[in-house]
Amino acid sequence: MSMRVYVSRDAGAVAVGADDVALALEQAAAKRGVAIEIVRTGSRGLYWLEPLVEVATPQGRIAFGPVTAADVPSLLDALAGNAPHLLRLGATDEIPWLKRQTRLTFARCGVIDPRSLDDYRAHGGYKGFERALSLGPDAVLNEVTASGLRGRGGAGFPTGIKWKTVAQAKADRKFIVCNADEGDSGTFADRMIMEGDPFLVIEGMTIAGLTVGATKGYIYIRSEYPHAVEAMNAAIQAAKRGGCLGTNIGGSKQTFDLEVRVGAGAYVCGEETSLLESLEGRRGIVRAKPPLPAHHGLFGKPTVINNVLSFAAIPFILGEGAKAYADFGMGRSRGTMPIQLAGNIRHGGLYETAFGVTLGELVDDIGGGTFTGRPVRAVQVGGPLGAYFPRALFDTPFDYEAFAARDGLIGHGGIVVFDDSVDMRRQARFAMEFCAVESCGKCTPCRIGSTRGVETIEKVIRGERVHENLALVEDLCNTMKFGSLCALGGFTPYPVLSALKHFREDFVPAPTTLQAAE
Amino acid sequence: MTALFEPWNETRGAEIIAEHANQEGATLVILHALQEAFGYVPEAAIPMVAKALNLSRAEVHGVFTFYHDFRHKPAGRHVLKLCRAEACQAAGGDALAARAEATLGVSIGNTTADNRVTLEPIYCLGLCATAPSAMLDGRLIGRLDQKRLDALVAEAQR
Chain A
1 MSMRVYVSRD AGAVAVGADD VALALEQAAA KRGVAIEIVR TGSRGLYWLE
51 PLVEVATPQG RIAFGPVTAA DVPSLLDALA GNAPHLLRLG ATDEIPWLKR
101 QTRLTFARCG VIDPRSLDDY RAHGGYKGFE RALSLGPDAV LNEVTASGLR
151 GRGGAGFPTG IKWKTVAQAK ADRKFIVCNA DEGDSGTFAD RMIMEGDPFL
201 VIEGMTIAGL TVGATKGYIY IRSEYPHAVE AMNAAIQAAK RGGCLGTNIG
251 GSKQTFDLEV RVGAGAYVCG EETSLLESLE GRRGIVRAKP PLPAHHGLFG
301 KPTVINNVLS FAAIPFILGE GAKAYADFGM GRSRGTMPIQ LAGNIRHGGL
351 YETAFGVTLG ELVDDIGGGT FTGRPVRAVQ VGGPLGAYFP RALFDTPFDY
401 EAFAARDGLI GHGGIVVFDD SVDMRRQARF AMEFCAVESC GKCTPCRIGS
451 TRGVETIEKV IRGERVHENL ALVEDLCNTM KFGSLCALGG FTPYPVLSAL
501 KHFREDFVPA PTTLQAAE
Chain B
1001 MTALFEPWNE TRGAEIIAEH ANQEGATLVI LHALQEAFGY VPEAAIPMVA
1051 KALNLSRAEV HGVFTFYHDF RHKPAGRHVL KLCRAEACQA AGGDALAARA
1101 EATLGVSIGN TTADNRVTLE PIYCLGLCAT APSAMLDGRL IGRLDQKRLD
1151 ALVAEAQR
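Residue numbers (our numbering), protein chains in the order written: chain A, 1 to 518; chain B, 1001 to 1158.
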């Protein structure tokens, strides 16, 4: 019997040498005459251990990592003699970082071969779809609503309500659009699931299609994710061959087809109306709402537009029932959130857990602090439009409302850790600069305000009339917040104002006696 | 690996446009296909796209200029993209970007005088747990440090 070995093909693993390791394994095994079967999976999400190599044993998979191509001969020795190895991590499922998680959406990611529809089915795939078919659209809508699922893209809008609106709309054509324009720095969950479990996204979108009466779906993937584009295209072809897309899907009378469209490097296209414009072949200029995309979306037709993670949560909800999902979480944030730990962090990766875990637990306990070993000073939660949190706010539970109450947002669940070498003036300046570069130009406060914001923060950095200019920045943020149509202009104030509020000492020179006397 | 592109050719351009023109909302699809073939979107192709899609030349030009990906002229022989977003900044990306600029003698967004290397920023490769990251001609590199960056720059300069 040949030895079965698992090596990730996830872009994050490939970037640190997973392809080299897989090749070295293949060559070394051939040289030794050892029969080996290498399965290229997605990533388990323990990125500090990538490239992770797993070996199938009668007791389950045993993990080794991080493995380099140079480690391969000794690794094969250890496997042949069942001997100890320096990189041996033990049973993968028993690694505490993985064991402590609640993997509902990411249950299969890193486990199965993402190119194999059979593997997906063998691990519970299409169970949700089967149940959705037998329940019928109305009952599916009730399930999705009862699960409490809220849009995982960042806005947190109840998915059930969105779907119901589209289901009730009358039109000759309706569309399902998957927002895979994951542009926020510090986020990679969409990329991981598309690369590691693409059929999950297809199944979720298919359920959406038969629920609201749409027969065509688009997945809009950013061009910075070529591996995800390739993985989704391969999965769509396999699903078509397997009768899971096209006409009479899964033996039913339903029709549903999918197409991947690739973005072209515009951050604002992650905003849903801008994305729809881009899909229609135009500049990604944000649309005013109403009309909502649910009424007047892609090509003017009723459209369900959801984030990758929202669609990816659907098969579990349908397969296991709404209650099984809603039992996790806190307050109005039900279920689990795939949290992404990133930046200057020791144990970075994908951590899926029920809502309610505190920021401090995530950064210090699970993340293990910084990889530089210096103290954590600031964490940005929710991407370039998310607030910077200081240690003083590490008791904030991961929950939509709790973050909003502290002038922040959880966004798409990305957490970027900075150590004490960070200069918050530069981070505030960058937030404005990013907005200036990426603004679609529709709203004046965003288009012009961001440029003025860069200039004014630069004056502060140069020490020119600091207090006066900071007041101006705050006023400008207010204008952007209330005068912009979408989250780009509207939320850029979050990182800027939070930096000003929580890290004031970086902006204002220590007060002198003279100033104190004024 | 250097990507090999065809020289601009009107007949070939027309073929590529025709291949995709019947898709709904085809503008981006066509611009991507043209760039994939020629390495950039030649100005001569813009009115051809407009005609095929029954759009004005201004509309197509507007789309072409809106998106960062589309090139007005061919890039250098190698394209080195450095991730400049927050997660990579937190992991020391600023110093690495400055080092790459100094070694190559160009600022980010430009091509070296010998046309060998185009140095570009990219806003997030989604490799934020193995930051800082880069992409050389489509190949991903994570956990970048000075040594790896120097090797990468040297490779690009060859």
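FYI, nobody ran anything at the bench for these hints, they're computed from the structure. Hints may be right or wrong, so weigh each one.
[As the list claims (entries may be wrong)] Pair ranges (Cβ atoms, derived):
hint : chain 1 : residue 1 : chain 2 : residue 2 : range
1    : B       : Pro1121   : A       : Arg346    : 53 to 59 Å
2    : A       : Gly373    : B       : Pro1047   : 57 to 63 Å
3    : B       : Gly1105   : A       : Val508    : 34 to 40 Å
4    : B       : Arg1158   : A       : Met330    : 50 to 56 Å
5    : B       : Pro1121   : A       : Lys31     : 40 to 46 Å
6    : B       : Arg1158   : A       : Gly246    : 32 to 38 Å
7    : A       : Glu26     : B       : Ala1095   : 47 to 53 Å
8    : B       : Ala1095   : A       : Lys31     : 19 to 25 Å
[Stated by the list, open to error] Which residues of chain A face chain B? A partial, calculated answer using Cβ under 10 Å:
hint : residue
9    : Ala91
10   : Asp93
11   : Ile95
12   : Glu182
13   : Phe188
14   : Phe394
15   : Val437
Just so we're clear, the structure is a prediction, and the values are computed from it rather than from any experiment. Just so you know, even glycine gets a beta-carbon here, dropped at the ideal spot from N, CA and C.
Taking the hints in turn, this is what the structure says about them:
no.: 1; hint: B:Pro1121 with A:Arg346: 53 to 59 Å; verdict: violated, 27 Å
no.: 2; hint: A:Gly373 with B:Pro1047: 57 to 63 Å; verdict: holds, 58 Å
no.: 3; hint: B:Gly1105 with A:Val508: 34 to 40 Å; verdict: holds, 38 Å
no.: 4; hint: B:Arg1158 with A:Met330: 50 to 56 Å; verdict: holds, 55 Å
no.: 5; hint: B:Pro1121 with A:Lys31: 40 to 46 Å; verdict: holds, 43 Å
no.: 6; hint: B:Arg1158 with A:Gly246: 32 to 38 Å; verdict: violated, 47 Å
no.: 7; hint: A:Glu26 with B:Ala1095: 47 to 53 Å; verdict: violated, 37 Å
no.: 8; hint: B:Ala1095 with A:Lys31: 19 to 25 Å; verdict: violated, 42 Å
no.: 9; hint: Ala91; verdict: violated, 22 Å
no.: 10; hint: Asp93; verdict: violated, 20 Å
no.: 11; hint: Ile95; verdict: violated, 16 Å
no.: 12; hint: Glu182; verdict: holds, 6 Å
no.: 13; hint: Phe188; verdict: holds, 4 Å
no.: 14; hint: Phe394; verdict: violated, 17 Å
no.: 15; hint: Val437; verdict: holds, 8 Å
Checked against the numbered hints given earlier, this structure breaks hints 1, 6, 7, 8, 9, 10, 11 and 14; the rest are met.
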